[in-house]
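Residue numbers (my numbering), protein chains in the order written: chain A, 176 to 406; chain B, 69 to 474.
It is possible that part of the hints are untrue.
[Unchecked claim] Okay, the calculated bits of chain B under chain A, using three or more residues with CB under 8 Å as the criterion: (1) 327-337; (2) 347-360; (3) 458-468.
[Said to hold, decoys possible] To list a few chain A residues with every Cβ distance to chain B over 12 Å, as calculated: (4) I182; (5) L271; (6) R298; (7) Q356.
[As the list claims (entries may be wrong)] In silico lysine-lysine, DSBU-like type, Cα no more than 30 Å apart, as pairs: (8) K84(B) / K74(B); (9) K196(A) / K183(B); (10) K74(B) / K291(A); (11) K398(A) / K338(A); (12) K227(B) / K211(B); (13) K74(B) / K259(A); (14) K374(B) / K296(A); (15) K227(B) / K291(A); (16) K142(B) / K296(A); (17) K84(B) / K138(B); (18) K138(B) / K156(B); (19) K338(A) / K138(B); (20) K374(B) / K189(A); (21) K84(B) / K142(B); (22) K156(B) / K183(B); (23) K156(B) / K142(B); (24) K180(A) / K374(B); (25) K156(B) / K235(B); (26) K235(B) / K138(B); (27) K259(A) / K374(B); (28) K180(A) / K338(A); (29) K366(A) / K355(A); (30) K180(A) / K196(A).
Treat the hints as calculated values from the structure; they're not laboratory data. What you are looking at is a predicted structure, and each value in this text was computed from that prediction instead of being measured. Glycine is no exception: its CB is placed at the ideal position from the N, C-alpha and C atoms.
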Amino acid sequence: MEVTKVINATRVFKIGEVETKALRGVDLSIEDGEFTALVGPSGSGKTTLLQLIGLLDQPTTGSVTINGQDATGLNRNQRADLRKNAIGFVFQFFALIPTLTAYENVEMPLLLNGTKPAARKARVNEMLEAVGLSDRAHHRPDQLSGGQQQRVAVARALATNPKLILADEPTANLDTENGKQVMDIMQRLNKETGVTFVFATHDPRVIGYANRVVTLQDGLITKDGKANGKS
Amino acid sequence: MLQAFKLAYRNVGRNKTRSLLSSLAVGVGMALLLLMVSVLEGEMTGALQNTIRLQSGHLQIRPASYDENKISLKWEDLIADPEQVAAKIEALPQVTVAAPRLSASAILTLSNDSKGVQILGIDPESEANKPFRDGMLSGEFIKADDREGILIGNILAEKLNLKVNDKVNLLVTTSNGDVNEQPFTVRGIFTTRTPGYDESTVFMPLAKAQAITVTENHASTIFVLLQNSEDAEAVAQALQSNNLKILTWREQNQFVVQFEDYANAFFIILYLIVLGITATVVTNTLVMAVFERTREIGILSAIGMKSGGIMAQFLAEAVLLATGGVIGGLLIGGAIVTYFTVYGIYIGDYGITGVLFEDRIYAHLTLANTVTLAIVTYVITLVASLYPARLAARMEPVEALHGSGV
């Protein structure tokens, strides 16, 4: 089943009189359980595509569906509602709320979707356990390493049990060891829970984890295929 | 909502100095408002109470033809048998005291100086004149049968360099138009702490005042104090008569009431200026917070927080700043107001015709004013935070995540 589908999406940014076409008509369908890498050089449109899939931005033309629901024409709050339950995010810059502890950061999406306290607590502990940070639950982001922060971000992304996790350059700010740890966790969770991962990257080591690699160049998908030997 | 406050609390604590200064601005603004309100309230209440106590009473009964400004001494403009009239009025259950008074213009002359004064013939035994008796600075209070003694105010005494037992002459125009001049002895010097009054008023026994003005057994007015000022209209109604004019304290002090309205209107402008400055500080603080936390706003939006939630986040911060400010304002303002309630503010001879201001204004803060100001401060702080809150709520998540949502 399709988790998300992008149909003939374009995205044009206008700065003053200058128009920049970040996406020039992209069609992409992501199936349930995929572990997909969006690759391409800087400016190829991979982050823009990820933002459209994540409903953080809207296509200039074309459409995006999430779990079969067309997101075209949804207002800001309707998109926030859809994101809240269907999509998790992992960003390049360890996007945690600095005033909240690891536990509270993971708890935040559960608070937003109204999960009951007991279930919330159990789920937060489960997620922190899954990323190996139970002992860091009450540390604030500035008391965690970059790798630990990114693992908290992964735990937060998975907290509401979404079908789709979008990760934008998840290892770009991590050293090799921490980058590997984060990718291992994401891959394990993909296999164990069946959650779909789509991540933008140009790190060859990260691409190696993907079972599908979509290559973008100049705002168009130029190659879409399974990675070597992956199923 | 609890989560919004939890996050807001931590965000306020992120930049403690800035939050403290913002709350302090709210607090100082509120303290200033408390002081302004309490001083205005004290000034107006004090002026009104002083005017009632010394001059107007709660009620005054005069002949219908009496013109206060002319201080007429014609018999037809005066009350005949004033003691009897006063006794009848005093018999009413709402009345504390009723006393006749005779007013006359006079010139007080010394060998080398003179000054226009107002003679007030009073019943020295009456409780109506307690404020003057209580205000004696030197000498003794006049007695009803004293035929030569007068009391003068301390300001008049200072200006004419008069002391107890000094001799002065009083020159008055009598009821029949003749001029009468008689020597008097200063029996005592009083103060009402109302410079204008203490400079121009001379007391003598009613009988002597009647004698010197040739108004035997007549008085200008019956001065009435009630147990409850709110009964004034009802008592006035009960005393209504064709040939008498019954004036309540409200009617006599319309100028004070109007002056209070005018002062209130003027002070509202000052309040708005103070609140405007406070609001600007709060807006500025929160706008800075929005700029600093643009990326966090993007994160919250990305994980599904709606515009309303983001707005609530900043409003919660404003509530915390306002709470700190109101508590600070109550402490700072309370201390300043307490000082001025006890020691007052010296204003000297602040003369406005018809209003008897004391030489000091004492702050008077009511619970109603305190609560109102606290609520107003809260509301203004929240209103001031609407702009930054909306600014944050309207950010597109994708732009906010890149730190460029504003």
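Going through the hints against the structure:
Three residues within the 8 Å Cβ limit are the bar, and the stretch 327-337 of chain B against chain A gives 0, so the coverage statement is violated. Given as covered by chain A, the stretch 347-360 of chain B fails the check, having 0 residues with a CB less than 8 Å from a CB of that chain where 3 are the minimum. With 3 residues having a beta carbon nearer than 8 Å to a beta carbon of chain A, the stretch 458-468 of chain B meets the requirement of three or more and the stated coverage holds. Under the 12 Å C-beta cut-off, the non-interface status given to I182(A) relative to chain B holds; the minimum distance is some 20 Å.
Not every CB of chain B is more than 12 Å from the CB of L271(A) (nearest about 8 Å), against its label as outside the interface. With a minimum CB-CB distance of about 14 Å to chain B, R298(A) clears the 12 Å threshold, and the non-interface call stands. No Cβ of chain B comes within 12 Å of the Cβ of Q356(A); the nearest lies about 22 Å off, and the non-interface call holds. Distance check on the hinted pair: K84(B) and K74(B) sit about 16 Å apart at the alpha-carbon level, within 30 Å; holds.
Restraint check for K196(A) and K183(B): the C-alpha separation of about 95 Å exceeds 30 Å, so the hint is violated. Annotation: proposed proximity of K74(B) to K291(A) holds, straight-line Cα distance about 18 Å (limit 30 Å). Annotation: proposed proximity of K398(A) to K338(A) holds, straight-line Cα distance about 25 Å (limit 30 Å). Straight-line distance between C-alpha atoms of K227(B) and K211(B) comes to about 25 Å, which keeps the hinted pair within the 30 Å bound.
Restraint check: the Cα-Cα separation between K74(B) and K259(A) comes to about 21 Å, which is no more than 30 Å; the hinted pair holds. Distance restraint check for K374(B) and K296(A): the Cα-Cα separation of roughly 23 Å lies within the 30 Å cut-off, and the hinted pair is therefore satisfied. For the hint pairing K227(B) with K291(A), the CA-to-CA distance comes to about 83 Å; that exceeds 30 Å, so the pair is violated. At most 30 Å may separate the alpha-carbon atoms for a hinted pair to count; K142(B) and K296(A) exceed this at roughly 94 Å.
With a C-alpha separation of about 67 Å, the suggested pair K84(B) and K138(B) falls outside the 30 Å cut-off, and the hint is violated. Restraint check: the Cα-Cα separation between K138(B) and K156(B) comes to about 27 Å, which is no more than 30 Å; the hinted pair holds. The hinted pair formed by K338(A) and K138(B) fails the criterion: a straight-line CA distance of about 95 Å is larger than 30 Å. At most 30 Å may separate the alpha-carbon atoms for a hinted pair to count; K374(B) and K189(A) meet this at roughly 26 Å.
Annotation: proposed proximity of K84(B) to K142(B) is violated, straight-line Cα distance about 76 Å (limit 30 Å). Annotation: proposed proximity of K156(B) to K183(B) is violated, straight-line Cα distance about 37 Å (limit 30 Å). Under the criterion of a C-alpha separation no larger than 30 Å, the hint pairing K156(B) with K142(B) is consistent with the structure, at around 24 Å. A distance of roughly 24 Å separates the Cα atoms of K180(A) and K374(B); the hinted pair therefore holds under the 30 Å criterion.
Proximity of K156(B) to K235(B) is assessed by CA-CA distance (about 38 Å); at most 30 Å being required, the pair is judged violated. At most 30 Å may separate the alpha-carbon atoms for a hinted pair to count; K235(B) and K138(B) meet this at roughly 28 Å. For the suggested pair K259(A) and K374(B), the alpha carbons sit about 9 Å apart, so the restraint of at most 30 Å is met. Of the supplied pair hints, the one linking K180(A) and K338(A) holds, its CA atoms being roughly 13 Å apart against a limit of 30 Å.
Taking the CA atoms of K366(A) and K355(A), the gap is near 16 Å; set against the 30 Å cutoff, the hint holds. For the hint pairing K180(A) with K196(A), the CA-to-CA distance comes to about 20 Å; that is within 30 Å, so the pair holds.
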